[in-house]
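All chains should be built: construct the whole structure from the sequences, respecting the hints.
Residue numbers (this note's numbering), protein chains in the order written: chain A, 1 to 445; chain B, 1001 to 1340.
Just so you know, not all the hints are guaranteed correct.
As the list claims (entries may be wrong) - Some chain A residues judged to face chain B by a derived CB distance under 8 angstroms, without partners named:
| no. | residue |
| --- | --- |
| 1 | 162 |
| 2 | 165 |
| 3 | 376 |
Claimed, not checked - Some chain A residues well away from chain B (every beta-carbon gap over 12 angstroms; in silico):
| no. | residue |
| --- | --- |
| 4 | 302 |
| 5 | 327 |
| 6 | 429 |
| 7 | 432 |
These are computed hints drawn from the structure, not numbers from a lab.
Just so we're clear, the structure is a prediction, and the values are computed from it rather than from any experiment.
Glycine included, each C-beta is placed from N, C-alpha and C at the ideal position.
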Amino acid sequence: MIPVLEPEAVLEVPFEPSPHTRDRAFKVVGKLDGAPAPIEERLGRAAAGALLIWGAYTLQASAQLPTHTYLVPLSLGLYACGFFALISAAVSSPLSAFRRQAITWVITTAILGSVALNAYASIAIQNPRYGTDGIALGQMAVEHVLAGINPYTITVDASELRALGVPLNSLTQTTSGEFIPNSLSYPALSFLDFVPFFAAGLHDLRWTVLLFELASLIVVVAAVPWKVRLWALIAIVADINLSIYFVSGSVVDWIWVLPLLLMLVSIKRGKWTTAAVFLGIAAATKQQSWFLIPFLAVWLYTYLSGSVQPIKRMVKFFSIAFGVFLLPNIPFLLLNGHAWYASVVAPLFQPPDGQGLSTLGQFSMIRMSEATYSAIFAGAAVILFAGYVLYRKSAPSAAWILPAVVLWFSHRSFQSYFVYWTPIFVLGLALEQELRRRIPGRLNA
Amino acid sequence: MPRLSRFGALLAIICAVVVAVAAVARATPIRTDMAVSILRATDAQGLGRPNVLELSVTNRGTVAVQPVFAVQWDHYPFVWNGPSAAVAPNETRRVVITTDNYEAMPPLASGTAPDAPSVRSVPFVVRVNNAGDVQYWASAPWTAQIDRPAIVNGHFDQWLPPDFSDHGRTPVGWDNYSSGQLPDLTLVKPDLAGLALEVSKSAGPQSNEWGEAAVAREISVDACPALRVQFANWPDYLTSDGVLPVLMGGVQVFADDAPGRSLLEVPSQGTLRYVIGNGMYIWEQPPIDGSLVVDLAQARTLIAAGQSPTVRVKLFLAIHRSSPTLRARMAVRAVDCLAS
Chain A
1 MIPVLEPEAV
11 LEVPFEPSPH
21 TRDRAFKVVG
31 KLDGAPAPIE
41 ERLGRAAAGA
51 LLIWGAYTLQ
61 ASAQLPTHTY
71 LVPLSLGLYA
81 CGFFALISAA
91 VSSPLSAFRR
101 QAITWVITTA
111 ILGSVALNAY
121 ASIAIQNPRY
131 GTDGIALGQM
141 AVEHVLAGIN
151 PYTITVDASE
161 LRALGVPLNS
171 LTQTTSGEFI
181 PNSLSYPALS
191 FLDFVPFFAA
201 GLHDLRWTVL
211 LFELASLIVV
221 VAAVPWKVRL
231 WALIAIVADI
241 NLSIYFVSGS
251 VVDWIWVLPL
261 LLMLVSIKRG
271 KWTTAAVFLG
281 IAAATKQQSW
291 FLIPFLAVWL
301 YTYLSGSVQP
311 IKRMVKFFSI
321 AFGVFLLPNI
331 PFLLLNGHAW
341 YASVVAPLFQ
351 PPDGQGLSTL
361 GQFSMIRMSE
371 ATYSAIFAGA
381 AVILFAGYVL
391 YRKSAPSAAW
401 ILPAVVLWFS
411 HRSFQSYFVY
421 WTPIFVLGLA
431 LEQELRRRIP
441 GRLNA
Chain B
1001 MPRLSRFGAL
1011 LAIICAVVVA
1021 VAAVARATPI
1031 RTDMAVSILR
1041 ATDAQGLGRP
1051 NVLELSVTNR
1061 GTVAVQPVFA
1071 VQWDHYPFVW
1081 NGPSAAVAPN
1091 ETRRVVITTD
1101 NYEAMPPLAS
1111 GTAPDAPSVR
1121 SVPFVVRVNN
1131 AGDVQYWASA
1141 PWTAQIDRPA
1151 IVNGHFDQWL
1161 PPDFSDHGRT
1171 PVGWDNYSSG
1181 QLPDLTLVKP
1191 DLAGLALEVS
1201 KSAGPQSNEW
1211 GEAAVAREIS
1221 VDACPALRVQ
1231 FANWPDYLTS
1241 DGVLPVLMGG
1251 VQVFADDAPG
1261 RSLLEVPSQG
1271 TLRYVIGNGM
1281 YIWEQPPIDG
1291 SLVVDLAQAR
1301 TLIAAGQSPT
1311 VRVKLFLAIH
1321 RSSPTLRARM
1331 AVRAVDCLAS
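Quick look at the structure:
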C-alpha cells in the first residue's frame, strides 16, 4: 500500500540546495514528522491570542481587584496564554501534528477558562442582580415545583419579581401600560432543568446557565475537527454578549442550545434515536427550537432521500422527538392543560419589542397594524423556507441559522432570539461533511 | 411549459408574499396619528433625575386616542403615569407625566462637574401609543437640565432592587461601600427608621482585619456646608487602648484629592478629638436628640482637601477582629443638608 501524504506534510526544499542542505532538510523532515502550520491555523492562534489578552484585561477591569485579589494570578495566567498563542502563531518551522494539536488544545482550554472567569466576574461581582423577568419567573417556578405546586397556575405580581432583583425595565408591559400577568411563558424543561441544581444549592439560576454554556462550548470544541477547532470556538465566543454578558444579564437560552448541539453530535455519530431525543429535549425547553423543525425536516429529507424508506425514518425521528417533548410536559398538561397552553403561546400576544425589524415600528419610522406585523413574520417564514427548499443542496447548513432570520422578522425579536443560533450553526457547518457521511443507507454522500 | 429556474421560483414566491402583506396592510389601515413634544423636565422629588415631564400632545388622526406614555433612552421603555383621558381628533393638549420609580428616570449624562449647580440627563424620547395598539409615536430627543439637589434620598425612601451581592442593598443616590469578606457579614438594609448597617465579624488572627458596612455619596461643600445625621441607634465606641478604635460607627468625611486622610465623627459618651497615626482624625461627640452635625467645610480644611468642591460622606459601621464585641448594628433615620 502506498501511503498518502497530506500536502501540508511536504517540506519546501530550498531552491537548488547543496547536497549538504538537502541532507539536513531530510533529517528535519524525519525528525519532526510534520510541516509548517498553514496560515489559516496560525491566524486562528493569533485571533485566539488577541481574544485571550482582551479576556485578561476585561477580567481585571470588571473584577474589583482590591477585594478579589485571587483573580489577579488568573488574569495574569490569561495574559500568559494570550502571549503564548500570539507567539505560537509566529512559528513557521515544521511541527508535528501532535504538537500542533497540543497547541490548539492549550489555547482552546485557555479561551474556555477566559469565558468562565469573565462570566464569573460579571455575575458575582459586576452584576449580582437578575436582569430579566424570565429568569425570575423561572426561579419562582422552580421553588413552586419543589413545593409541589403547579407553576403554570401561578400569577406573579410585578412587586414579587422586583423583590427578586428584576429591574423595572425588564418587566414586560402591555400596550395599555400595565404589567403583563406574569406567568411562565415556556415549556416545562425551561424550569425543570434548574430543579436539581437549585436543590443542590445553586439558587442564582445564572450559575446553572453558565454550566450549560461551558458544556455547550466543550461539546463544540470536542466535536469539530481539530484544524478548525480554534476558529469554531472564536466564532462563538467573539460575540461577548453571547459568551459573557447575556448570561450575567439573565438570559437563559444556553439551556436549549446544548441539546441541539448534542443532537448534531449524535447525528454525526449515526445515533439517530439519541439525536431525536435531544431534539425533543430542546423543544421541551424553549420555543425558539421549534423554528428549526421545518428546516431540519428539509435537511433530513434531502439526505435521507437516497436511503431506504426515507419518509419512514423521518416519521420515526420526529415521533421520538415529539414523545420526548411531551414527556416532561404531560404532568402539567394533565394538571391544567389550559394554563399550560396559555403560558406557552403567551409570547405571541405580547407587544412589539426587541431589536429586529419591528424596531422600525417601535420608533414610529413606519406604522403597521398587528395583522401586518403577523403577515410580515409569516411571509418571511414562507420565503425563507421556500428558499431553503430550493437551495437545500447548495447551502445545506443554512438550516441551522435560518430560524434566527425568521425570528428577526417577528414583532418580538430580541437579540437573544438570533445569536443563540450561532453555536448551532458553527457546529453544523464544521460537521457538514461528516453529517452527510452519516446518513444511513447512502452509498456516496 | 418552460421549467422555472430556482431563482425564478423564489422570486415568484417573494412577489406573492409581498402582495399578500401589502393586501393585509391595506385591509388594516392605521387611523390614528399623534405628535408629541417635550416642553419641560423637572425633578420634583429631589432625586437628581428628571421625574416630571410636561408634554404637548396633538391628535392628528380621525379617532380619539387614549394615550399611554413611556420614556426611553436605551433598549427598553419605561411607562410613566399620565392622564387617562382620551385626546379627541385635532385636539392639542398639554399633559404632565410623572414617575415615582428611580429606575424609570433618565440618568444623568457623565462629564458634568460634581459641584455644578445643574446637571444634564442623557438624551431621551417620549413614546406615545393608543392603549392597546402597537403603533408608537416618538418625540424628538430631549436632554433635561435640572437643578442639582444638595443631597439625594437623604431619608432613604428609595432603594435599588435587591441583588445577590454579599453586602445587602443600596439606597438610591448612594454607593454601597461595604468591604467585609466572608465569613464576615457586612450588610446594608432598609429599616423602619431608614437605613440599617449590620456587621458580624469573625475573630482570630487569620480573619480579615476589619469588617465594615457602609454607604457613601459625594456632596458639594458649597451647596451643603454642613450635615445633620440623625441616628436611630448606634453602637458604643470601643478602643483597644483608649486611642485605637476597634468598634465604631458614625460619619466619615474624605476626599479624592486628600488620599489617606479622613475625619471620623462618632457618637460617643463624651467629647474627645484626636488624630491617630495614619491620618485619621477622630472626633467623639455625644449626639443631641440622636443627631450629629458634621461641618463639611471644616472637615475639608482638616483633612487638607484644599479647595476640593466636593467631599465624600460615608455612613459606616466597622469592627476590628480584636474587638470584644463582634456583632453590631447601627440605624440612620436621615441625612439632611444644613445651609450653614
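Query raised in the report: So which of those numbered hints doesn't the model satisfy?
Result: none
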